[in-house]
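Chain by chain, the residues:
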Amino acid sequence: MSELATPIKPEPRRFGLRNMLTMYAVAARQAIIEQLQYPAANMMFMVHILIEPVIYLVVWSSVATSQGGAIGGYTAAEFAGYYIIWTLVRQFNLAIGPQGFHWRIKEGRLAAELLRPVHPLLPDLGYYLGYKVPQTIYWLPMGILLWLLFKPEINPVAWQIAAFPVVLMLAFFVRFFFMWLLGLVCFWTERVDALFELYFAAELLFSGRLVPLEVMPTWAQNVANFLPFQWTFYFPIEVLLGRVDLPEFWPGVLAQLAWIAGGYTLVRMIWKLAVKRFTAVGS
Amino acid sequence: MLKPIKLFGLFARISILNEVQYRANFFLQVLQSSLSLGTGLIVLSVVYSYTDNLGGWSQAELLAVYGVFVLMSGLIGSLVLPNMWAFMEDVREGRLDFTLTKPEDAQVLISVRVVAIWRLVDVVLGLIVLGVAITRMGLEASWWLAFAFAATLIMGMVLLYCVLLLASILSFWFVRVWELMEMMQSIFQAGRWPVGIYPDWLRLGLTYLIPVAFAVTVPAEALTGRLTPELLAGTLLFTIVALVVTRLIWKWGLRNYSGASA
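Here the protein sequences line up with chains A and B, keeping their order.
The opening residue of the first sequence carries number 1200 in the working numbering; numbering runs sequentially from there.
The opening residue of the second sequence carries number 298 in the working numbering; numbering runs sequentially from there.
Simulated from the structure, these hints should not be mistaken for laboratory data.
Honestly, I wouldn't trust all of these hints.
[Said to hold, decoys possible] Residues from chain B that face chain A, not an exhaustive set, calculated with beta carbons under 8 Å:
| # | residue |
| --- | --- |
| 1 | Thr336 |
| 2 | Ile339 |
| 3 | Val343 |
| 4 | Val344 |
| 5 | Ser346 |
| 6 | Tyr347 |
[Claimed, not checked] Now the stretches of chain A that chain B is said to cover, found in silico as 3 or more residues with beta-carbon under 8 Å:
| # | stretch |
| --- | --- |
| 7 | 1249-1258 |
| 8 | 1262-1271 |
| 9 | 1392-1402 |
| 10 | 1406-1416 |
We put the beta carbon where it would ideally sit given N, CA and C, even for glycine.
Generate coordinates for the entire structure from the input sequences, incorporating the hints supplied.
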């Protein structure tokens, strides 16, 4: 899913902005072409992604119903809205997983990527941006089906609908950089599974992925404020749900930008250290 | 009948000898399993901070469901899944031909080859969770209960084996089967909760298509005294049918298989 097969032809002289944009376009187009070839596999991947929120949805709406209609300010129908938007946000914040990174170092693919005149992060970025196109196409029928099955309730106003694509893209960038950062750990050790597990457990609990943060206990909400996770799930979902007003919206966008800047800086710093350690054998 | 068991014992010994060379993996698995167990327990506690009853299951009973889920994940993860991945890899790489030329039955051979022993950590953790749940429920131990639980657990495992093998057999025809396997593994996650809480369409799928209901909920029902003799008989019948159908499809698949290497 994360593989980049055809190398991009290196320009002999300058690698200017125009070449850069061409490279993104090529990587993006490649993702689109590659994924549209496998509709069945992609539909299964979609079910694989969708089953998780459906489980949460069922559990929390039955808890809400048993508690007289609402918990944490969410009714059963609003939970349905939350988790259906969740599925769309999930399509967009999908980025190269640390497993993919691990695979690419183990198989020696990274050696070839390092020979290119661009940072390997950039084709990744292009690829995953392009990947959003087939993902959205495959998501649509599922999203409509879930909508019909669970009858959600969402109340966004016009500016919230307009702002949603923006915070959605920012969410992708936050998650992209932090996943990459996690992937970089593979330069130091092979035994990464437990660390990944820890990361995803933290993401599950502190991002709003499991349940809206208001429903979590107070200690978890406090911890979440010090971590990047809520800006990748909770915040964009809440915007489209119509629960974020302007006074909360701008600080939220700023927080997303700040985490992107932080993630980017960390990736740059650690990348420099990582490449120094890297030795390739063969290929 | 004895031969497959002997074969399993032999392969298990090889796997164990292989794996104990890497003892650090054991501690990492303990760490990883404890993390995911901890996360699961936090989720349960968040649910129960709002209500004391989910679809008719009390907190202690839900803990029992979760215990069975962890136990079953460990059993499947150590005994069944690694074999399926190896089998699919063999088909892709053309190595299955070597298995087919061996005198023993090929289905038996590909099913018992690998034991991922460190995943048995989950079996231990699942048993501990179950122990705590049983104490909290104040259950009276009885032979019927123990028998019903063990029987439903084994049948659940056999059913999951059938479904996973059926999915792997598809690799005779298709290249990207791993997405299907991933999908089934994430659907299995639905077993963390009793299937009764899901809407009808989903519950039917979780019962007959991917038998999460039989694998996790039914053993938990056996433990909590919800199992009727009719349900036990029905589970037995379904298991036998699934085994026979899987066997037939395996043979049919093999007839359609033409070696990729050699």
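Results for each hint:
1. Thr336: 4 Å, holds
2. Ile339: 6 Å, holds
3. Val343: It holds, given that the least Cβ distance between valine 343 of chain B and chain A is near 6 Å, below 8 Å.
4. Val344: It holds, given that the least Cβ distance between valine 344 of chain B and chain A is near 6 Å, below 8 Å.
5. Ser346: 7 Å, holds
6. Tyr347: It holds, given that the least Cβ distance between tyrosine 347 of chain B and chain A is near 5 Å, below 8 Å.
7. 1249-1258: holds (count 6)
8. 1262-1271: holds (count 4)
9. 1392-1402: holds (count 5)
10. 1406-1416: holds (count 5)
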